[in-house]
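Undergrad: Chain by chain, the residues:
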Amino acid sequence: MDLRLIQNVLSARHELAQWQITELRSRRHERYLTFLKSESEREATSVRWQVWLALPASDGKQGEASFTVTPAHGGPDLRKLLVEAETSAAAAPNPAWKLPGPGDPGSAASWRGGVVACEVAGGAAAGAQMATASDFLADQVVTRDPGKALDGAVATFTDAVRAAPWTRPSALELFVRIEDRRLVNYRGLDLSERRTRCYAEFVLLHRPDGADDEQEFYDQIEAQSLTDLHLSKRVADAAACLRDGAGAGVPPAGKLPVVISGDYLAGLLSWYASHADAGLHARKIAALVLDAPVVERRGGDPLVLTSDATVPSLAAYRFDEHGYAAARQDLVQDGVLAALHGSGRWMQVLGRVPRGQLATLVAPAGSTPLVDLRKGALEVVRFSDFHPRHDTGAFSGEIRFAWWHASDGSRRAVRGGSVSGVLREAMGDVRFSRETATVGGCSGPQAARIVVTVAV
Amino acid sequence: MDSLIPALAQAVATLERMAPNASAYARRNAGTQVRVDGSSVSCTPLSPDAGFTLSAWTGDRFLEVSCDDHCVEKVREATHRLADRIRHSHVEWDSRMPLATPLDQSYAQPLDQDPREISAATKIEAARALRAAVLVAPHVREAVGIVGDVHADIVYVDRTRRLYQRLHRVRQICMGIFARDAHQAQLHSGREAIGGWNQLIDPALVAAEVVRDGPRILGAPRLSDPGEHTCVFDGHFAGIFAHEAFGHGTEQDLFLKDRSRGAQFLGKRVASELVDMYDDPSNGWAASYFFDDEGTLAKPTCIVEKGILVAGINDRHSQAELARRGQQVAKTANGRREAYDHKPYTRMTNTFFGPGTATTDELIRGVAKGYLLTHPSNGMEDPKGWGIQLEGSMAEEIRDGRLTGAVFSPVVVTGSVPKLLMSVDGVGRDVVEASLGTCGKGYKEWVKVTDGGPALRLKAVIA
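Same order as they appear, the protein sequences are chains A and B. Under this note's numbering, think of the first position of the first sequence as 1, with each following residue one higher. Under this note's numbering, think of the first position of the second sequence as 457, with each following residue one higher.
Hints were generated in silico from the structure; no laboratory data involved. Small disclaimer: the values here were computed from a predicted structure and weren't measured. We put the beta carbon where it would ideally sit given N, CA and C, even for glycine. Please note that a few of the clues may not be correct.
As the list claims (entries may be wrong) - Simulated pairs of lysine-lysine, DSS-like, Cα-Cα distance not exceeding 25 Å:
1. B:Lys900 / A:Lys233
2. A:Lys255 / B:Lys724
3. B:Lys825 / B:Lys915
Claimed, not checked - Covered, in the sense of this in silico footprint (three residues per stretch, anywhere, with C-beta under 8 Å from a C-beta of chain B), are these stretches of chain A:
4. 155–165
5. 211–224
6. 283–297
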């Protein structure tokens with residue numbers, strides 16, 4: 001089984017009005033260590049072809065279906081899958097839309113040797129912009145020799161742990177993945193990209209002097225490159241929390257200023273992006289309204305959010321799932337929902353020009369130094385789990401570890417209790433840090449200060 | 457899939473000439489998911505997720521190679537690749553893993569009406585019926601109906617075992633999106649069951665709780681008096697509590713990493729004497745199987761008996777390593793992989809509290825001031841610190857032994873696992889299965905699980 005065979009079979013089916021194939025090739029290398037001793041080493045390779053097809057449109061509707069082909073499938077399997085998909089498509093009428101072709105507004109041009117000329121509606125983004133970022137999706141250290149790159153990261157971790165002798169390194173899991181994605185469609189679009197994903201998860205242990213029980217600190221990070229995992233710093237921060245967090249008490253209760261950072265802040269900001277999705281608006285189930293305020297603003301910093309596929313992060317891309325080019329889209333301007341993002345399908349259903357699905361979520365830095373945000377606030381370092389509910393934006397999280405910062409600059413460690421609130425209110429007087437960071441698919445302020453309920 | 461067994465057995469034999477233990481695992485998933493809402497319809501085959509893993513234990517570490525093909529030639533290639541890696545590794549021949557008693561067996565879950573023979577149009581109609589069952593609710597803006605079927609063919613081979621199982625289950629899920637003024641709320645319900653298409657039930661029954669409670673949580677405030685309260689968890693909420701409390705807390709691969717306080721509490725009291733808790737991959741609930749992904753036959757494990765932590769759950773490596781350290785623990789069938797190309801960990805299956813004697817009404821009647829917690833959504837464990845977080849969509853006020861009708865949403869439970877369990881002073885008699893679950897190891901490695909239990913009455917910090 002290969003791409004060309006699938007392409008030939010689809011091209012020969014005159015019943016089909018549209019089709020697209022996405023080839024995904026991946027190679028994974030993994031290391032698992034317990035107390036710095038290797039427990040397991042794994043390698044996995046895979047290739048699969050995701051096929052989407054549509055029947056001719058009629059009365060504004062078209063039947064659609066999709067299926068996945070693997071190397072285990074033979075030619076007869078492919079034909080069977082295709083017949084089943086056509087039957088499913090005939091029973092599944094959906095609003096008609098069309099895949100992009102070369103030269104269509106917003107579509108990506110074929111990538112040739114590191115330069116992508118990307119045109120976006122309303123003007124052309126410079127090819128130079130993408131050329132500069134031609135390697136922005138892949139860590140060359142990983143692509144050159146993933147096994148050696150992992151060994152290097154293990155050594156980095158080991159050195160960092162040895163620099164914190166009061167801790168014991170319980171567990172480390174380190175993964176790298178190389179992904180090659182190629183998209184071809186019936187209109188002649190043929191696009192390729194290579195990206196890497198790196199993942200680390202570690203646990204440090206520490207027994208405070210005189211204590212019966214050990215404490216643990218768990219951390220996980222995912223980034224495009226091993227360097228962006230910042231393993232040494234993450235280990236040092238974790239070790240400091242364990243050392244300085246001995247005898248942690250409970251937090252104060254009530255309506256309090258709380259500093260949220262990292263993945264947790266990214267999760268809060270991403271809620272707004274998820275409700276700027278054209279698919280939710282087409283279905284009339286978005287919690288946000290276009291051109292309307294998204295926060296009850298009482299002060300603090302304005303909320304400004306942009307989707308930009310050219311800003312490096314886990315959400316960056318050269319072309320989206322249907323072949324639209326990397327582009328920048330202003331989603332929230334001064335606390336108002338200004339535009340939608342979304343797949344070509346839903347943007348067309350809404351009568352809008354597709355500008356690529358959600359990419360790196362970018363927020364501007366605030367004006368307050370982090371050190372000032374912390375004054376008189378509870379700074380949560382780890383929650384058990386923390387993300388806003390999709391429907392209401394209500395959020396809650398058990399505090400695994402936090403610092404209570406007194407106004408005089410001193411701090412004490414706290415554990416237990418919970419932080420809860422509702423985004424629309426909590427972000428009304430948000431203040432963002434001047435310092436910035438890239439976390440997962442977000443690039444923006446390192447931390448935010450909001451006033452929410454702390455219960456113990 | 458079973459035709460691959462001889463090639464995998466040959467690979468195991470080849471690798472065991474170079475390393476103390478070797479095994480092979482192959483899996484092929486199939487099925488369909490149908491989704492219908494007001495704007496779109498889809499009927500999509502599940503990603504096939506098919507392939508095999510060869511595994512070698514060098515006496516020092518596991519080496520594994522995975523491949524996404526099922527042909528004999530690929531098994532040979534993977535064998536050569538793994539053999540090459542063993543050659544470059546340190547091998548300790550005196551550190552063999554124990555082997556189970558010999559067994560060559562095939563198993564299959566019942567499949568009276570094979571969903572793979574049901575037409576796409578019929579499946580779409582079933583999803584439409586689910587959606588329609590939700591649309592009768594007041595204030596519903598949109599509804600989603602989902603039906604699906606999942607089939608897994610699994611092979612496990614080592615020196616003594618050649619096992620093959622075929623697992624089948626179907627699912628029905630519905631979701632309502634409710635809106636009034638500026639308020640919006642979502643609620644879902646559903647079920648999964650082992651078997652074929654005939655296991656689907658009346659859509660109105662699946663949708664009943666969404667229709668009843670969706671409008672009630674719409675615009676509901678958060679609790680105005682967060683803190684410790686007497687609570688009644690319904691059976692579903694008790695289920696997620698069981699899972700997060702001493703499901704994760706007794707996974708013995710965490711014992712090896714000194715990441716579980718449960719290791720120090722085996723044989724000790726961790727809960728009120730009213731509390732019994734089990735993990736059972738053989739009880740017929742939706743996460744059941746005949747053998748785990750390391751060839752261990754499924755059987756129940758009693759984890760907590762009358763409040764005493766009596767046993768944990770394990771995978772092959774953790775049980776053998778604990779034994780090597782002098783801690784003999786019973787082997788359980790909980791070594792599971794997310795997919796054919798993922799590492800096996802100790803994982804839960806069907807985890808639940810055992811029944812008591814009270815009705816839910818009797819438990820509520822014993823509460824002067826408190827809340828009934830229902831519609832759990834997610835939870836998170838902390839096996840080392842014994843903290844816990846459980847989230848749900850609805851807390852209903854109880855005053856003087858009666859539900860007042862006042863509803864708060866969402867609700868979060870936090871606190872110490874043993875403190876919560878020791879406070880249990882009432883256990884319901886009717887055990888219910890919450891069958892839609894999936895579980896992560898930390899924040900990844902998702903596997904199918906269920907949980908459940910009877911209603912529980914206890915004291916909990918809620919907000």
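Undergrad: Run the structure past the numbered hints and jot down the numbers of the failing ones, going up.
TA: The structure conflicts with hints 2 and 4, although it agrees with all the remaining ones.
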